[in-house]
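Working from the sequences, and respecting the hints, build out all of it.
Protein sequence lines correspond, in order, to chains A and B.
Residue numbers 1 to 167, in our numbering, belong to the letters of the first sequence in order.
Residue numbers 1 to 633, in our numbering, belong to the letters of the second sequence in order.
Don't read these hints as lab results, they were simulated from the structure.
Do not rely on the hints blindly, as some may be mistaken.
[As the list claims (entries may be wrong)] Which chain A residues stay away from chain B? Per the calculated CB distances, all over 10 Å, these:
#, residue
1, Ile17
2, Met20
3, Glu27
4, Asn28
5, Asn49
6, Leu56
7, Tyr58
8, Tyr67
9, Glu83
10, Glu108
11, Leu114
12, Thr122
13, Lys125
14, Gly164
[Stated by the list, open to error] Below, a sample of chain A positions facing chain B; criterion: calculated Cβ distance under 7 Å:
#, residue
15, Thr24
16, Glu35
17, Val73
18, Phe76
19, Tyr77
20, Thr79
21, Ala97
22, Arg133
23, Ile135
24, Cys137
25, Met150
26, Gly152
27, Asp157
[Unchecked claim] Below, a list of computed lysine to aspartate or glutamate pairs in the EDC-like style, where the Cα atoms sit at most 16 Å apart:
#, chain 1, residue 1, chain 2, residue 2
28, B, Lys347, B, Glu331
29, B, Lys594, A, Asp157
30, B, Lys220, B, Glu194
31, B, Lys310, A, Glu29
32, B, Lys88, B, Asp107
33, B, Lys573, A, Glu104
34, B, Lys594, A, Glu158
35, A, Lys69, B, Glu518
36, B, Lys425, B, Asp623
37, B, Lys88, B, Asp101
38, A, Lys47, A, Asp23
39, A, Lys34, B, Glu331
40, B, Lys565, B, Glu518
For each residue, glycine too, the CB sits at the ideal point set by N, CA and C.
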Amino acid sequence: MNHASALESDQPVEIEIDYMELDTIIENEFGNNKENLIMILQAIQRKYNYIPQPTLTYLSAKIGIPYSKIYGVATFYSTFSLEPRGRNIVSICLGTACHVRGGERVRERIEESLEIKDGETTEDKRYTLESVRCIGCCSLGPVVKINEDMHGRITSDEVKSILGQYE
Amino acid sequence: MKIQSVIDLEKITQEHSGNLYHPDSVKVNIGMASCGIAAGAQAAFETATQAFAESKAVAIGQTGCIGYCEMEPLVEIFSGGTPRVIYKNITPDKILDAINDYQNGIDQKKWILGQMRDPRSLLEDDIDNPLAKVAPFEAIPFLEDIPFYKNQVKIALRNCGYIDPDCIEEYIAKKGYFALIQALNHSEPGKILETVKTSGLRGRGGGGFPTGIKWATCAKHDGDRYIICNADEGDPGAYMDRSILEGDPHSVLEGMLLAGYAIGSSQGYIYVRNEYPLAVKRLVTAIKQAETYGLIGDNIAGTDFSFNVKISTGAGAFVCGESTALMASLEGNVGRPRAKYVHTVEKGFREGPTNLNNVETYANVPAIVLKGAEWFAGMGTDHSKGTKVFSLVGKIKNTGLVEVPMGISLKEIAFNIGGGVPKKKKFKAIQTGGPSGGCIPERFMDLPVDYQKLAEVGSIMGSGGMIAMDQDTCMVDVARYFMDFLKEESCGQCNPCREGIKQVLDILTSICAGNGKEGDIELLEELGSMIQKFSLCGLGTSAPNPVLTTILYFRDEYEAHIRDKKCPSGVCKALFHYEIDAEACTGCRVCARKCPQDAITGEKKKVHDLNQDLCIKCGICYDVCKFNAIAIR
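Okay, structure coming up:
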C-alpha cells in the first residue's frame with residue numbers, strides 16, 4: 001500500500017469532512033484522550049471507509065499529538081487505509097489453517113477475477129482486496145470475509161459467483 | 001439489585017436453572033459463535049425466531065461455540081423431560097425441519113451428532129444430574145462417548161455451548177461469580193495468590209509463565225496497578241480465545257476481578273484484536289450486565305474492593321500480542337516491544353506494575369478458586385497442570401476446539417479426537433505454536449502435550465493452535481509462508497529480526513522458485529541461529545523456529561527443491577506440473593468442466609488430455625478428481 005502517494009498525488013481526493021461529527025468522536029466518545037488514538041482512527045475509518053488525510057492533521061491539533069506520530073500509528077497498523085477503498089471490502093484470510101487448505105489458490109483466483117492485487121481497489125471502486133492474517137474461523141478454511149459476511153469452506157471455482165453477489 | 005453475598009447468587013440460580021435445565025417449552029439453542037455464523041447460523045436463527053415468534057411451545061435461543069466446528073451449524077434442542085440432543089450441519093433450510101423432527105420424537109437420526117448424558121459443568125458437582133431421570137433416545141450415541149468429545153475435560157470451556165453468553169443469569173446459575181463473592185467475603189488477597197500459585201496454572205497465551213508467581217510479583221510492586229487481558233489472539237489457526245469471549249465472556253471478567261482483588265488493582269483492560277467484532281460486542285454486553293449487578297464498579301459486594309473494566313481494540317498487528325507491544329498500543333502508540341530489563345509486572349502500562357494474562361488463563365481462575373488448587377493440580381503432568389484448549393484445524397477430519405488434560409499425546413488429539421487426515425491422504429506433520437512454533441513429524445506423535453516436551457522437539461505449546469498437514473503440504477513452502485508472515489508483522493526496530501527475517505525469506509522464496517543452491521540450507525541455519533540469539537523480543541527470537549524445525553525434520557524436501565528442482569507435494573508452481581494418469585483416468589469430464597482455463601480436453605469415457613501451455617496449476621482438477629488420476633510430476 002503506497003501511503004506516500006496518497007498524500008502527494010497530483011489529483012487530491014475530494015472529500016467532505018464533517019468536522020462537527022469528528023469533534024463528537026474525539027471529545028464525546030473518546031474524551032480527547034491520547035490513549036484512544038487507535039480507536040479514534042478506527043471510528044474515522046468506519047465513517048469514511050478510509051482515513052482522509054485532513055482528519056489526521058485536524059486530530060493532531062485537537063488532541064495534541066505531533067502529526068508525525070499520528071501518521072506513524074496510521075501506517076503501522078494494517079487495518080488502516082490512507083487511500084479510499086471500494087464499496088465492498090474483500091478480506092481473504094491467509095492464516096495457516098486456510099493456507100494449508102488452499103487459501104493461496106483462492107487468493108489467486110480472486111486476484112484474477114477482479115484483476116487487482118492484494119491491497120488494491122478496482123477501477124470502478126466496487127471491490128477492495130485486503131488480506132488478513134487470521135480471521136479466526138479456522139475450522140472453516142479457506143475463509144473470505146466480504147463486508148460483514150463470512151464465507152467459509154470456499155473452493156476456487158466458487159470465487160466468481162460469491163464475488164458477483166456484491167454490488 | 002447489587003449482589004452482596006452468595007445468597008443473592010443462589011437466588012438468581014434458583015430463578016434461572018429452570019430455564020437452563022428444565023425449560024417448560026422446547027428449547028432450541030443455536031450455536032452463534034463466529035464459526036457457526038460463518039456456516040449459516042445467523043440465518044437459521046432468524047428463520048426460527050420468525051417462525052416461532054408467537055409460539056409458547058418452542059423457545060429459540062443462542063449459545064456459544066459447541067466445539068465441533070467441522071459440523072457447524074450446530075443446534076441443541078431439549079425440553080424438561082426429554083433428552084438434550086445436538087443436531088449437526090443445520091443450515092437455514094433445515095432448521096425448521098430439525099425442530100419439527102425433535103418434537104416428533106426424532107426420525108432423522110443421520111442429522112444428529114449425539115445426545116448429552118450430563119449437562120453439568122465441573123463446578124456443579126453439588127447438584128444432581130438434570131438428565132439422570134430422563135430416558136435417552138434409542139440408537140442415538142451419547143456425545144460423551146463419541147471420539148471428538150470422549151477425552152475432553154472442560155474447564156476454560158465449561159460454559160461454552162451451554163449458556164447464552166448474553167445472559168449473566170445463566171452464567172451465575174452455573175456457579176458463576178461464586179468464586180469472586182466468596183473470595184471477597186471470606187478470603188484475604190494473599191490466600192487467592194497462594195491458591196493460584198499452588199494450582200500450578202501457567203500462562204495459556206504461549207509463554208507458559210507460572211501465573212501465581214506473576215501475580216505475586218506484581219502485588220509486591222507499589223504504584224497504580226493494572227490488570228490486562230490479552231485478547232489479541234494473533235496466531236493464525238488459533239481461535240480458542242475468540243470462542244471463550246464469544247461463548248462465556250463472564251468467565252474472563254470474573255478471572256480479571258479475582259486478579260484485581262488478589263493483586264490490589266482497581267482497573268482492568270481487555271485488549272481485543274480488531275478481527276473479533278462479535279467478541280467485543282459480547283464483552284460490552286457482559287460488562288454492562290455485571291455493572292448492573294454491582295459485580296463491576298465501586299465497592300463490589302459491599303467491600304472496599306472496586307474494579308472497572310475498559311475494552312480497547314487492536315488494529316491489525318500481530319506483534320501487539322507481545323506484552324510490551326500491547327501496552328504500548330494501549331497507550332495509543334505504535335506496537336513496538338521494548339527489551340524487558342525491567343519486567344512489566346514492575347513497570348508496564350503507564351509505567352505502573354501491570355499483570356497481563358491471556359483470555360484462557362483468566363477463564364481458568366474462577367474454577368481454580370472455587371474448586372481448589374489441589375483439584376486443578378491433580379490434572380496434567382508434573383510441569384503442566386490442568387487442561388489446555390487446542391484449536392484442531394487444517395488437514396484433519398474433525399476440526400474444532402478441544403480441551404484436554406495436559407499430558408495427552410499428540411496422536412490421541414490428532415487421530416482419535418481429530419479423526420485423522422481426510423480423503424485418505426497421508427499425515428505429514430502437526431504445527432503447534434503458531435509462527436513461533438515448529439512442525440512436528442509423525443514419529444513424535446506419541447509425545448505427551450506439555451510445555452516441556454514440545455520444547456524438547458523444537459516447537460512450543462504456544463496459544464494452542466494445532467494445524468495438521470498432509471502429503472499435499474510442502475514443508476519448504478510452510479517455512480516460507482511463516483517467514484512472509486513474520487516479515488510483514490515485524491515491528492522493524494531491531495536488526496536481527498528486521499534484516500534477518502527478510503534474508504531468510506529471500507532465500508526460501510528463491511528455493512521455492514527453483515533457484516536454490518548448495519549451501520542455502522546451511523546459511524538458513526546460520527541466519528536462524530543469529531536471529532534467535534539476538535532479537536529484541538519474542539517475535540524475533542522465535543521466528544526461526546518454523547524454518548529450523550522443517551530443516552531438521554524434512555531436510556529431504558529442501559534437498560529435492562534445491563538439487564532436483566522438484567516440489568514433491570505439488571505446491572511450488574515452478575517445481576512441478578500436473579499430468580493425467582492414463583491408467584487411472586475414467587474420462588468422467590469433471591476436471592475438464594471445472595478447469596478455469598479450459599486446459600483439459602477429452603471425450604466421455606476416454607482418457608483426457610491436459611494442455612501444459614494453458615495450465616496455471618490452480619489445483620482445481622487435482623482437488624475434484626475422484627480417481628487420483630491427476631498426478632504431480
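- Starting from the hint list further up, note which numbers the structure goes against and sort them upward. Violated: hints 10, 15 and 35.
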